[in-house]
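J.: What follows is each chain in one-letter form.
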Amino acid sequence: MSEHEAGAVTFALKGRIDSLNAPEMERQLMEQLAGRADAPVEIDASELQYISSAGLRVLLRVKKTNPDMTITGVNSDVYEVLDMTGFTELMTVEKAYRTVSVEGCEEIGRGANGTIYRIDRDNVVKVYNNPDALEDIQHEREVARLALVLGIPTAISYDVVKVGDSYGSVFELLNASSFSKILATEPERMDWCVKEYVDMLRKIHGTLVPEGKLPDVRLTALGWAEFMRDYLPEEAGAKLVALVEAVPHDDHMIHGDYHTKNLELQNDEVLLIDMDTLAVGHPIFELASIYNSFVGYSEYDHEVIRRFQGFDRETGVTFWRKSLAAYLGTANEMKLREVEDKARVVGYTRMIRRSIRRRGLETPEGRAEIDLWKSELLELLERVDALTFDPDELELEAVVENLPYVQEFIDSHLEKTGCPPRAQMQIGLAAEEIFVNIASYAYAPEKGRAKVRVEVSGDPVTVTITFLDRGMPYDPLQKEDPDVTLPAEERDIGGLGILLTKKTMDDVAYEYRDGQNILTLKKKI
Amino acid sequence: MAQTVRLDLHMHTTVSDGTDTPEQLPEKVRKAGLRLFSVTDHDAVKACRILRDTLTEADPAFITGVEFSCRDEEGKYHILGYGYDPETEAVQRVVRTGHGFRMKKVRARLDFLKTEFGFTFPEEDLAELFEQDNPGKPHIGNLMVKYGYAPTKEKAITEYINKVRFRSEYVRPEEAIRGILGSGGIPVLAHPAFGSGDELIVGEEMDARLKRLTAMGLQGVEAFYSGFTPKLIRQMLEYADACGLYVTAGSDYHGTNKLIPLGDTGVDGTMDWPEGLHRFVEEIQGRTIYGGKI
Numbered sequence: 001m002s003e004h005e006a007g008a009v010t011f012a013l014k015g016r017i018d019s020l021n022a023p024e025m026e027r028q029l030m031e032q033l034a035g036r037a038d039a040p041v042e043i044d045a046s047e048l049q050y051i052s053s054a055g056l057r058v059l060l061r062v063k064k065t066n067p068d069m070t071i072t073g074v075n076s077d078v079y080e081v082l083d084m085t086g087f088t089e090l091m092t093v094e095k096a097y098r099t100v101s102v103e104g105c106e107e108i109g110r111g112a113n114g115t116i117y118r119i120d121r122d123n124v125v126k127v128y129n130n131p132d133a134l135e136d137i138q139h140e141r142e143v144a145r146l147a148l149v150l151g152i153p154t155a156i157s158y159d160v161v162k163v164g165d166s167y168g169s170v171f172e173l174l175n176a177s178s179f180s181k182i183l184a185t186e187p188e189r190m191d192w193c194v195k196e197y198v199d200m201l202r203k204i205h206g207t208l209v210p211e212g213k214l215p216d217v218r219l220t221a222l223g224w225a226e227f228m229r230d231y232l233p234e235e236a237g238a239k240l241v242a243l244v245e246a247v248p249h250d251d252h253m254i255h256g257d258y259h260t261k262n263l264e265l266q267n268d269e270v271l272l273i274d275m276d277t278l279a280v281g282h283p284i285f286e287l288a289s290i291y292n293s294f295v296g297y298s299e300y301d302h303e304v305i306r307r308f309q310g311f312d313r314e315t316g317v318t319f320w321r322k323s324l325a326a327y328l329g330t331a332n333e334m335k336l337r338e339v340e341d342k343a344r345v346v347g348y349t350r351m352i353r354r355s356i357r358r359r360g361l362e363t364p365e366g367r368a369e370i371d372l373w374k375s376e377l378l379e380l381l382e383r384v385d386a387l388t389f390d391p392d393e394l395e396l397e398a399v400v401e402n403l404p405y406v407q408e409f410i411d412s413h414l415e416k417t418g419c420p421p422r423a424q425m426q427i428g429l430a431a432e433e434i435f436v437n438i439a440s441y442a443y444a445p446e447k448g449r450a451k452v453r454v455e456v457s458g459d460p461v462t463v464t465i466t467f468l469d470r471g472m473p474y475d476p477l478q479k480e481d482p483d484v485t486l487p488a489e490e491r492d493i494g495g496l497g498i499l500l501t502k503k504t505m506d507d508v509a510y511e512y513r514d515g516q517n518i519l520t521l522k523k524k525i
Numbered sequence: 001m002a003q004t005v006r007l008d009l010h011m012h013t014t015v016s017d018g019t020d021t022p023e024q025l026p027e028k029v030r031k032a033g034l035r036l037f038s039v040t041d042h043d044a045v046k047a048c049r050i051l052r053d054t055l056t057e058a059d060p061a062f063i064t065g066v067e068f069s070c071r072d073e074e075g076k077y078h079i080l081g082y083g084y085d086p087e088t089e090a091v092q093r094v095v096r097t098g099h100g101f102r103m104k105k106v107r108a109r110l111d112f113l114k115t116e117f118g119f120t121f122p123e124e125d126l127a128e129l130f131e132q133d134n135p136g137k138p139h140i141g142n143l144m145v146k147y148g149y150a151p152t153k154e155k156a157i158t159e160y161i162n163k164v165r166f167r168s169e170y171v172r173p174e175e176a177i178r179g180i181l182g183s184g185g186i187p188v189l190a191h192p193a194f195g196s197g198d199e200l201i202v203g204e205e206m207d208a209r210l211k212r213l214t215a216m217g218l219q220g221v222e223a224f225y226s227g228f229t230p231k232l233i234r235q236m237l238e239y240a241d242a243c244g245l246y247v248t249a250g251s252d253y254h255g256t257n258k259l260i261p262l263g264d265t266g267v268d269g270t271m272d273w274p275e276g277l278h279r280f281v282e283e284i285q286g287r288t289i290y291g292g293k294i
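Keeping their order, the protein sequence lines are chains A and B. For the first sequence, the positions run 1 to 525 when this note's numbering is used. For the second sequence, the positions run 1 to 294 when this note's numbering is used.
Next comes chain A alone, as it looks inside the complex (with noise of 0.2 Å):
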């Protein structure tokens, strides 16, 4: 092959090409591709203002013989008409894009995927971390768009920009303040950063997405998992794929990095920016990524989030107790950490594959920090055994100093269907009974836990509230079946409760199905 033959066909579009001159260009372009069929052709749209179908059947000829052909300089309008038209599709087209500097400007928000900055009073950019990430804001351009149509405000980008050797997508965002910016600056105002940062949280979860518009997170967090089996003991490593597994599918929306700085106040409204990780799936994958954001990721280090937030740990901590007690709707503290130990599950899977695949494994702190996180994961994943949770069902080690949560659990349920206080009283005691006797007996001489479901339901209203344990299967109605391994004395009392609980109860079942002692307490109200 000669040289001449070798190099690429290059050719200069400029102006407009409509079908009145589109028969000149073509003739042009066909004589220098004479006898070079199959050499690359670049066409350098820098000065095409505009072209219409004509122009672009001639594209399309020279492509049929030509097919490695690139396209470089477009402006918006002419990219708009490639795309359009399958252009891009077809072939490598780039786009031209304006240069924007970002020396001096305010960070304002960090993301998995980039960082952005306020460039001027009424503007931010987005500066992707991946210098090949025009596909990447394409992506976010669309989710964002999916995420407005579907009711979730947020600001979408008008323009795509060559920050260095990066590309920026860039935003308008007038006068706005992120939230981690409130917290640090003005920490009076947590308890509201709460209740708006919890909102949009409710809002996003609540969001049901067509189906296959967004990715389905539980399988990345799948990926993360299996990634995991080679670094935890075979059992461990098997577990952690299980729990993950049996997260049901869900339709609804999550962000999947929504932390404080992806929270903007715009003038007395509030924006969800940073898009490109919106999923859909379990909000535990989401509690888990929030989890991360202000306690997982400075567990080691605890200035990291001094860092990435601006604001120190104890605000951190305190804003995801309060902001998880806010989404469950709970100040019970046996339900808030059951949901926090089943989020640090994910959270840790999550955070150790990531510092892996960074040669986290590769330094002392790095491998401190892994460990740390290790240790935590190994012991969570001895006693959660599901990762999803409902606000009705409370679960916590059976024991009786837990009691009070479980009554608490129960009253503040109770209390939000207006029942008697006579009801109520009965309903608590009758509990107590029954979770002592669990705490007691159930896994005796060891510990377990123990779970308790209150459900309100129908005309009549009826509390229905179920225990579930798996130790020892024991039905504590059959009193003439007593468990004779006990001591004489503890065998009456709790006969006697039972009693007690059977005469003001509507109705009182056990039964024993998959492992699980099952008792179920009925009362009208």
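One or more of the hints may lead you astray.
[As the list claims (entries may be wrong)] Covered, in the sense of this in silico footprint (three residues per stretch, anywhere, with C-beta under 8 Å from a C-beta of chain A), are these stretches of chain B:
| id | stretch |
| --- | --- |
| 1 | 196–203 |
| 2 | 227–233 |
| 3 | 273–282 |
[What the hints assert, rightly or not] Interface residues of chain A toward chain B, partial, derived using beta-carbon atoms under 10 Å:
| id | residue |
| --- | --- |
| 4 | N21 |
| 5 | P23 |
| 6 | E26 |
| 7 | S52 |
| 8 | S53 |
| 9 | K64 |
| 10 | D68 |
| 11 | T88 |
| 12 | A238 |
| 13 | V241 |
| 14 | A326 |
| 15 | L328 |
| 16 | L468 |
| 17 | M472 |
[Unchecked claim] Here are a few chain A residues that sit away from chain B, every Cβ distance over 10 Å (derived from the structure):
| id | residue |
| --- | --- |
| 18 | D18 |
| 19 | S19 |
| 20 | Q49 |
| 21 | A54 |
| 22 | N66 |
| 23 | G86 |
| 24 | E89 |
| 25 | K181 |
| 26 | R202 |
| 27 | D250 |
| 28 | V270 |
| 29 | K322 |
Calculated from the structure, these hints are not laboratory results. All of these numbers come straight from a predicted model, not from anything done at the bench. Built from N, CA and C at the ideal position, the CB exists for glycine as well.
Go by the hints and put chain B onto chain A.
T.: Relative to chain A, chain B alone:
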């Protein structure tokens, strides 16, 4: 699925703005490996009459064709007609109307060039111009170059001929569709995404356009077209599917006037035909086919 066959249903001869005569074309079609073709001159059926009388068993199969330039308040369209009987009054009336408007416009342009710029042409050139089946701006442009009024045909058109716009009379799409149907033909929208040739019509605009035209009796879309990308073809096939329309395939070959090879329609020899194209070929097999068998 029924068998597929290499085909090209959109090409022009010297009767309109192609460079091959109706007599030259069949040999080229055969050499291009096509087994079924149609000639679709602008607003003219003359080539089809010639081919009907001259094609033999040895030639590729041929169906009559035409491409009417139409316009209404909503825009411009090129409407193809296939498998019609060129002797019927219905299609001939549309040809006459179109030709009449065209001649009126040529005369008006020549008048304008004379009064505005003082350009005149010898009688014999004008006579030759008027004898053409399909004279238009390019022909006048060529004459201007010939007599030194403009350096190139393109300049003649942009700098002189286009300086005046007429409130022209046009064949309306419903007239063309009615004419084709009335002559036993199938009306098909040519290169739908490109409008009358140099526009870009997609999305809702395309939806509305097809809705209007199918209400008038349109039966097909030229979803495969030499100027279409795979994406445009996909979109056109979706429209055809949604509206239950026939699908046709055409190159818009113009001889040496445009660098489009015969048979370049976007139908890939190895692909499965869409249902609408199968239906179209089946439908025309029930009509008159000239030349050899499909």
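J.: It remains to establish, for every hint, whether it holds in the given structure.
T.: Each hint tested on the structure:
1. 196–203: holds (count 5)
2. 227–233: Answer holds; 6 residues pass the 8 Å Cβ test.
3. 273–282: Answer violated; 0 residues pass the 8 Å Cβ test.
4. N21: Hint on N21/A: holds, closest Cβ of chain B at ~6 Å, below 10 Å.
5. P23: Nearest chain B Cβ about 7 Å off; hint holds.
6. E26: Holds - the Cβ of E26/A comes within 10 Å of chain B, reaching about 6 Å at its closest.
7. S52: holds (5 Å)
8. S53: holds (4 Å)
9. K64: With a closest approach of 7 Å, the K64/A hint holds.
10. D68: violated (17 Å)
11. T88: Holds, because the Cβ-Cβ distance from T88/A to chain B comes to roughly 9 Å (cut-off 10 Å).
12. A238: Violated - the Cβ of A238/A stays beyond 10 Å from chain B, reaching only about 45 Å at its closest.
13. V241: violated (39 Å)
14. A326: Given a least distance of 44 Å, the restraint on A326/A is violated.
15. L328: violated (45 Å)
16. L468: Violated, about 53 Å.
17. M472: violated (64 Å)
18. D18: Check fails; 6 Å does not lie beyond 10 Å.
19. S19: Non-interface label on S19/A violated, nearest chain B Cβ at 4 Å vs cutoff 10 Å.
20. Q49: Check passes; 15 Å lies beyond 10 Å.
21. A54: Given that some Cβ of chain B is not farther than 10 Å from that of A54/A, nearest at about 5 Å, it is violated.
22. N66: holds (13 Å)
23. G86: G86/A not clear of chain B: closest Cβ-Cβ about 2 Å, inside 10 Å.
24. E89: violated (6 Å)
25. K181: holds (42 Å)
26. R202: Per Cβ check, R202/A is outside 10 Å of chain B; nearest 35 Å; holds.
27. D250: Its Cβ never comes within 10 Å of chain B, the nearest being 31 Å, so this holds.
28. V270: The assertion about V270/A holds, with a minimum of 34 Å to chain B.
29. K322: holds (48 Å)
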